[in-house]
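> Given next are the chains, with one letter for each unit.
Protein chains: 2
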Amino acid sequence: MNKDNASLLTEPIVKFFRGKNFGFLGTVNKDGSPQVTPTWIDLIEKEENEDGHEEIILINTAMDRLKQKNVSRDPRVSISIVDEDNPYSMVTIKGRVVEQTTAGADEHIDKLAKRYLNADRYPAHSPSVKRIILKVKPEKIFYLPPRYTEYMQKIK
Amino acid sequence: MNKDNASLLTEPIVKFFRGKNFGFLGTVNKDGSPQVTPTWIDLIEKEENEDGHEEIILINTAMDRLKQKNVSRDPRVSISIVDEDNPYSMVTIKGRVVEQTTAGADEHIDKLAKRYLNADRYPAHSPSVKRIILKVKPEKIFYLPPRYTEYMQKIK
Numbered sequence: 011m012n013k014d015n016a017s018l019l020t021e022p023i024v025k026f027f028r029g030k031n032f033g034f035l036g037t038v039n040k041d042g043s044p045q046v047t048p049t050w051i052d053l054i055e056k057e058e059n060e061d062g063h064e065e066i067i068l069i070n071t072a073m074d075r076l077k078q079k080n081v082s083r084d085p086r087v088s089i090s091i092v093d094e095d096n097p098y099s100m101v102t103i104k105g106r107v108v109e110q111t112t113a114g115a116d117e118h119i120d121k122l123a124k125r126y127l128n129a130d131r132y133p134a135h136s137p138s139v140k141r142i143i144l145k146v147k148p149e150k151i152f153y154l155p156p157r158y159t160e161y162m163q164k165i166k
Numbered sequence: 011m012n013k014d015n016a017s018l019l020t021e022p023i024v025k026f027f028r029g030k031n032f033g034f035l036g037t038v039n040k041d042g043s044p045q046v047t048p049t050w051i052d053l054i055e056k057e058e059n060e061d062g063h064e065e066i067i068l069i070n071t072a073m074d075r076l077k078q079k080n081v082s083r084d085p086r087v088s089i090s091i092v093d094e095d096n097p098y099s100m101v102t103i104k105g106r107v108v109e110q111t112t113a114g115a116d117e118h119i120d121k122l123a124k125r126y127l128n129a130d131r132y133p134a135h136s137p138s139v140k141r142i143i144l145k146v147k148p149e150k151i152f153y154l155p156p157r158y159t160e161y162m163q164k165i166k
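Those protein sequence lines, which keep their order, are chains Z and R.
So for the first sequence, this note's numbering puts the first residue at 11; every next one is plus one.
So for the second sequence, this note's numbering puts the first residue at 11; every next one is plus one.
For reference, chain Z alone in the conformation it holds in the complex (with noise of 0.2 angstroms):
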């Protein structure tokens, strides 16, 4: 078991996964100029795999966006993730998309959509549309504690 990335994803950093915070993903486009795209972000705490049990974050996309395009050439990523309580709370994680799966795909999506918009089923399903689910595992951590809390009290 691998610990050091056992630990990564300590308690406050896996409360960004349970509310209706976005994901900014970042991607590298082919003429490596960067690429942000908002996304529903998903949290395997404890996936068993080769290297034991680690955190797997899913984004579930759709083939040949552009995101999916850009992490098959180049599976770095780094997602930017702010609180929705308080926006000056963060975290930055840089990772590795190290798999994709259509397997369930369809099934994950509307379990997000139940999450993120208390539907029971994924609003935008489309025949034309496949959907895939990227894996990625966390390498770095950078985060953020919430400030300015005083402020936020009074502006909300």
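Do not rely on the hints blindly, as some may be mistaken.
Same chains, same names: a pair is fine if it fits in one copy or spans any two.
To be verified - Derived EDC-like pairs (lysine to aspartate or glutamate); straight-line CA-CA distance at most 16 angstroms:
#1 K145 to D116
#2 K104 to D41
#3 K150 to D41
#4 K25 to D93
#5 K164 to D130
#6 K40 to D84
#7 K140 to D130
#8 K79 to D41
#9 K124 to E160
#10 K30 to E94
#11 K145 to E55
Just so you know, the hints here were simulated from the structure itself, not pulled from any lab data.
Model the placement of chain R on the given structure of chain Z, informed by the hints.
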């Protein structure tokens, strides 16, 4: 006057810069991997320069931060913004840092602190931090108008 640039940021896009929306700034690290960081954003709707009138996005950061070092090496950026009132309305702006300046950067961060925090002065001024404005020229816009409005009303 460059008419293409003058019309790039139309009214629905400009609105993203009026509220408290963060911009998620994508840059490219030295090793070619992507980097995403949340940031306050500002817009000069009409700035006169050698090309005539055009819009410039301002990002206020500090000298030697990762994003500042990244854009000094490769000025290409991607900025993703979702609407605070409906995160399913979004814009992604592909652009280029065309200028960096420390002139007026302290006053500018105070102005942003007023808009974002309703603070009279930026709370995190520090003598050890030299602030700098990155001027981003937008080159390509991808805009998604509001979606899922019916779900938004229910979960608020």
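> It remains to establish, for every hint, whether it holds in the given structure.
Hint-by-hint comparison with the structure:
In this assembly of identical chains, K145 and D116 lie within 16 angstroms of each other by CA distance solely inside one copy; the values are 15 angstroms within and 41 angstroms between copies. For the homomeric pair K104 and D41, the shortest alpha-carbon distance between copies (13 angstroms) is at most 16 angstroms, but the shortest distance inside one copy (21 angstroms) is not. Taking the shortest alpha-carbon separations for K150 and D41, only the inter-copy value of 15 angstroms comes in at or below 16 angstroms, while the best intra-copy value is 25 angstroms. For the homomeric pair K25 and D93, the shortest alpha-carbon distance inside one copy (9 angstroms) is at most 16 angstroms, but the shortest distance between copies (22 angstroms) is not.
Taking identical chains as interchangeable, the C-alpha atoms of K164 and D130 lie at most 16 angstroms apart only when they sit on different chains, with a minimum of 13 angstroms there against 35 angstroms within one chain. Proximity of K40 and D84 under a CA criterion of 16 angstroms is satisfied in both settings, with 9 angstroms inside one chain copy and 15 angstroms between copies. Taking the shortest Cα distances, K140 and D130 never come within 16 angstroms of each other, neither inside one copy (20 angstroms) nor across copies (50 angstroms). In the homo-oligomer, the alpha carbons of K79 and D41 lie at most 16 angstroms apart inside one protomer (13 angstroms), although the nearest pairing across protomers, at 20 angstroms, exceeds that limit.
Proximity of K124 to E160 under the C-alpha cut-off of 16 angstroms is restricted to the inter-copy arrangement: shortest distance 14 angstroms between copies versus 32 angstroms within a copy. When the C-alpha separation of K30 and E94 is checked against a cutoff of 16 angstroms, the pair qualifies both within a copy, at 7 angstroms, and between copies, at 13 angstroms. When the C-alpha separation of K145 and E55 is checked against a cutoff of 16 angstroms, the pair qualifies only within one copy, where the shortest distance is 12 angstroms, while the shortest distance between copies is 40 angstroms.
When each numbered hint is compared with the structure, a violation occurs for hint 7 only.
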